[in-house]
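2 protein chains.
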Amino acid sequence: MVSIAELPKHVGEKVQLQGWLYNRRSSKKLQFLLVRDGSAMVQGVLVKDEVAESLWDLVDGLTQESAIRVEGEVREDARSPGGVELGVTGVEVISGSPDYPISLKSHGPEFLLDHRHLWLRSKRPQAVLKVRDEVTFGIRDWLHKEGFINVDSPIFTPNACEGTTTLFETEYFGSQAFLTQSGQLYNEASAMAFGKVFCFGPTFRAEKSKTRRHLTEFWMVEPEVAFMGLDDLMTLIENFVGALVARVLENCAEELKVLERDTAPLERAVPPFPRLSYPDAAEILRGGDTGFEDGGDFGSPDETELSSRYDRPLLVHRFPSAIKAFYMKEDPADPKLSLSVDLLAPEGYGEIVGGGQREESLEVIERKIKEHDLPKEAFEWYLDLRRYGSVPHSGFGMGIERAVSWICGLGHLREAIPFPRMIHRLSP
Amino acid sequence: MVSIAELPKHVGEKVQLQGWLYNRRSSKKLQFLLVRDGSAMVQGVLVKDEVAESLWDLVDGLTQESAIRVEGEVREDARSPGGVELGVTGVEVISGSPDYPISLKSHGPEFLLDHRHLWLRSKRPQAVLKVRDEVTFGIRDWLHKEGFINVDSPIFTPNACEGTTTLFETEYFGSQAFLTQSGQLYNEASAMAFGKVFCFGPTFRAEKSKTRRHLTEFWMVEPEVAFMGLDDLMTLIENFVGALVARVLENCAEELKVLERDTAPLERAVPPFPRLSYPDAAEILRGGDTGFEDGGDFGSPDETELSSRYDRPLLVHRFPSAIKAFYMKEDPADPKLSLSVDLLAPEGYGEIVGGGQREESLEVIERKIKEHDLPKEAFEWYLDLRRYGSVPHSGFGMGIERAVSWICGLGHLREAIPFPRMIHRLSP
Chain A
1 MVSIAELPKH VGEKVQLQGW LYNRRSSKKL QFLLVRDGSA MVQGVLVKDE
51 VAESLWDLVD GLTQESAIRV EGEVREDARS PGGVELGVTG VEVISGSPDY
101 PISLKSHGPE FLLDHRHLWL RSKRPQAVLK VRDEVTFGIR DWLHKEGFIN
151 VDSPIFTPNA CEGTTTLFET EYFGSQAFLT QSGQLYNEAS AMAFGKVFCF
201 GPTFRAEKSK TRRHLTEFWM VEPEVAFMGL DDLMTLIENF VGALVARVLE
251 NCAEELKVLE RDTAPLERAV PPFPRLSYPD AAEILRGGDT GFEDGGDFGS
301 PDETELSSRY DRPLLVHRFP SAIKAFYMKE DPADPKLSLS VDLLAPEGYG
351 EIVGGGQREE SLEVIERKIK EHDLPKEAFE WYLDLRRYGS VPHSGFGMGI
401 ERAVSWICGL GHLREAIPFP RMIHRLSP
Chain B
1 MVSIAELPKH VGEKVQLQGW LYNRRSSKKL QFLLVRDGSA MVQGVLVKDE
51 VAESLWDLVD GLTQESAIRV EGEVREDARS PGGVELGVTG VEVISGSPDY
101 PISLKSHGPE FLLDHRHLWL RSKRPQAVLK VRDEVTFGIR DWLHKEGFIN
151 VDSPIFTPNA CEGTTTLFET EYFGSQAFLT QSGQLYNEAS AMAFGKVFCF
201 GPTFRAEKSK TRRHLTEFWM VEPEVAFMGL DDLMTLIENF VGALVARVLE
251 NCAEELKVLE RDTAPLERAV PPFPRLSYPD AAEILRGGDT GFEDGGDFGS
301 PDETELSSRY DRPLLVHRFP SAIKAFYMKE DPADPKLSLS VDLLAPEGYG
351 EIVGGGQREE SLEVIERKIK EHDLPKEAFE WYLDLRRYGS VPHSGFGMGI
401 ERAVSWICGL GHLREAIPFP RMIHRLSP
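Protein sequence lines, in the order shown, are assigned to chains A and B. Counted from 1, the first sequence has number 375 at position 375 by our numbering; the numbering is strictly sequential. Counted from 1, the second sequence has number 142 at position 142 by our numbering; the numbering is strictly sequential.
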């Protein structure tokens, strides 16, 4: 038994493979079977005059997604994907698939999402999720080569530190626990222990918004580095994103073709990326028609307007301190600004990375906790990181589904995760 | 600025590094600084007669975990870890660390767990979590090389499919969601789409037991393979575990030494592993003093008794169907038995892998759902996998903390995860 991906190594040989019938076309004299086994797809050909009538009839009755064992001769065929086709000499049915609900014609998104467990077998989700796999493994591979170690932060957290409105909550043996929205605070403890760390896991947000940019459950990678300032962080982010995109371009050319992704914008995502300060960005947006409010966070139209001015991803740095979390370090040159940075993907995909330098002074961070009206007790352990050998440090988070959506050119995050969870979707 | 791990490349050079003071010893004429930066540790030496008095005095006042910048000359020193030491010529204090709570003497486990955010800086947790990093990355690396793709299963699930007693629950926009205990059912859908898949994420169990073998939040890798039966699954498991252990032995020799791990049992974990059927295991246990109940699951003493008879991990297969989940395939040779398998680690570590062949017949699995008194509606999507191109398939799950505990020789799972969560522990 060989896998379809290995067929090019077996040209001229008779082989057996097993998989599912993806599609079948037939004329009076020929039948074409498209067979998939997860590793790849291959076209099998039957010529009526050359095969037994029983085989011809059996194949003629096969429906989409039947599980089959196929025997045949591997032939070179330059026009086929993988460069080979199969001259079919035998077919055995493992199990049938009557009335398979997903035809190769188009279906509405709700129908497809209701059948996500089957939809995964179709070409487009296969391509997207293979890119996702390349991205997630590429992230780990790159970070390890750069000397990072994976230190996972907990999912259950004891305090609703930054407001409860978007937190999921669970009963925890008589008390309450909240599902993490970010591993960052824990990451800071890990960075003081291991220097360069990352956590990478699911995070949760009880988003009531039903936009194409929101999931309730999404995966995030968060690197954190001791002794790193904002400038070096921006270099880290651009090298990280640049390397990931380059890796996908190299290893997923076939998948990007299936997705009809214009790869030109990806090929331009080569560091260094342009860097724009928030004040300069505000200068551009002020008086425009994006609805930008001075001193406020960017809306989607603001992000699109800004990134349309550049040919590659854009680093926007130094957002106002007032709109950033308490742990974000103030810019010594202007404390109204923070040493924060967002990476905006081109083509209207908006923010895919957010990060910054963290405040390392105990005194300042105690003041910020008070200003943000947060319960200090909950942060005692976090303050310990400033009491014992505090050093400058920085980090960022990248949402996996947002990155995959941009790289694949998707219209909605829900396609970028195997089993999406949204306000009105908790199944299958 | 160089990292401590890179020092061997700089012998004879003057370098600057930054990190934290792990320990300091001094006599009248000499001071020894042990400095860590997350990448490694190095010993710095000051000779009183050779340095300025101000430098001597500054170093003399440094406390554990002070953040410092150190300048010095890299010298070969065969006795030191990494083979180098540093002739210190300058020290600059980045920030102090008065009254650091964790001394190098011993502390009780509760105290250390309460200070986990700082305890991570100590040698032992550093070693364990570096092994964990090697294990988790090694898993992904090995599976990718074997042609698996990572398809993550969801954390939020709509139904309490196998009883609610150990499930965590959360309000989900007016309805209920449960936190996953296993990605397996979803994995089966993914395997029918991609052939060879794995999910790898946190799983949750509201365990009220307070044993050293239980966490409420733990990580699990779950590979699943289409067209695979039990025998090939056992081969997959032994190759997987064997490769992981070999990788750790190769890349984490230093860490295992810190942990004083006897590596002999690890070196013997070379496939093939012995295979023992449940009936044969029961034959051994029957009449012994482990408290074994015929037909029941193994307790910890049973596992220890069985594995003590072999020199490497043990595969026990064909547990009674009655004690296994509804989706486990019955043995065609004896339907009272299931095509299931556990891997028992040696030295009393017990089960670290559990898996089996899944039932692929729609008719049988519908009957099993009825017998297990489960709500059929909740499984309609899962039954679709048997309606459309059903094929034999198998998979397993390995608990990361259990595997790391065995490899590191730990007494409790809580040390094998950065921030452990147990019935009485939800912080820091």
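Among the hints, erroneous ones may be present.
You can't tell identical chains apart in this list, so a pair holds if it fits in one copy or across any two.
Unchecked claim - For lysine-lysine, the following DSSO-like pairs were computed, each having C-alpha atoms within a straight-line distance of at most 30 Å: (1) K14 to K145; (2) K368 to K14; (3) K28 to K336; (4) K145 to K123; (5) K210 to K370; (6) K376 to K9; (7) K376 to K324; (8) K208 to K14.
FYI, nobody ran anything at the bench for these hints, they're computed from the structure.
Now for the hints, and whether the structure bears them out:
| no. | hint | in the structure |
| --- | --- | --- |
| 1 | K14 to K145 | between (42 Å within a copy, 26 Å between copies) |
| 2 | K368 to K14 | neither (71 Å within a copy, 40 Å between copies) |
| 3 | K28 to K336 | neither (76 Å within a copy, 50 Å between copies) |
| 4 | K145 to K123 | between (32 Å within a copy, 23 Å between copies) |
| 5 | K210 to K370 | neither (33 Å within a copy, 38 Å between copies) |
| 6 | K376 to K9 | neither (64 Å within a copy, 45 Å between copies) |
| 7 | K376 to K324 | within (18 Å within a copy, 48 Å between copies) |
| 8 | K208 to K14 | neither (56 Å within a copy, 57 Å between copies) |
Taken one by one, the earlier hints fail for this structure at numbers 2, 3, 5, 6, 8, listed in ascending order.
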